[in-house]
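With the hints as extra help, turn the sequences into a complete structure.
For the sequence shown, this note's numbering begins at 9 and goes up steadily by one.
Derived from the structure by calculation, the hints contain no laboratory data. Heads up, the beta-carbon is just placed ideally off N, CA and C, and yes, glycines get one too. A portion of the hints provided could be inaccurate.
[Said to hold, decoys possible] Computed spacing ranges between beta-carbons, pair by pair:
{"id": "1", "residue 1": "55", "residue 2": "32", "range": "49 to 55 Å"}
{"id": "2", "residue 1": "30", "residue 2": "65", "range": "34 to 40 Å"}
{"id": "3", "residue 1": "96", "residue 2": "69", "range": "16 to 22 Å"}
{"id": "4", "residue 1": "81", "residue 2": "30", "range": "23 to 29 Å"}
{"id": "5", "residue 1": "82", "residue 2": "28", "range": "29 to 35 Å"}
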Amino acid sequence: MFASKKRSNRKWKQLTSRQHILHLEHLYQSREETIVRDRLSLQHIMERAVRTGQTVHVRLKQLDTVSGSIQAIFHDRGTIELVTSTGMRRMVQSSDVIDIQWTTT
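Structure (structure tokens):
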């Protein structure tokens, strides 16, 4: 009796851990890519945008999207200099940036 109880407990743990792993894999695959990006990858994207000078869409925390090019990143102040498509210069805190998307032209 004791051996069968240990065996059933072991099988239950295997089943629940397998189901948990499958559930986590499902959640990972169903997540939106823009939410997955962390600060480090955003930093790399911003640096690439500065080097190439391409036009990007920058989504900010204030629920607005700015279209333009990133001119400079000031690491010591934590700000980014954007030049919008209309030519206006705008300083934005790097912590306010949610997402950066490349525009297809």
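Taking the hints in turn, this is what the structure says about them:
Take residue 55 and residue 32: their Cβ atoms lie about 32 Å apart, and the range 49 to 55 Å is violated. Range check, residue 30 to residue 65: Cβ separation about 35 Å, and the 34 to 40 Å hint holds. Checked against the given bound of 16 to 22 Å, the beta carbons of residue 96 and residue 69, roughly 19 Å apart, stay inside it. Our hint of 23 to 29 Å for residue 81 and residue 30 is violated, since their Cβ atoms are close to 41 Å apart.
Taking 29 to 35 Å as the suggested C-beta distance range, the pair residue 82 and residue 28 does not conform, at roughly 44 Å.
Of the hints listed earlier, those the structure fails to meet are numbers 1, 4 and 5, in rising order.
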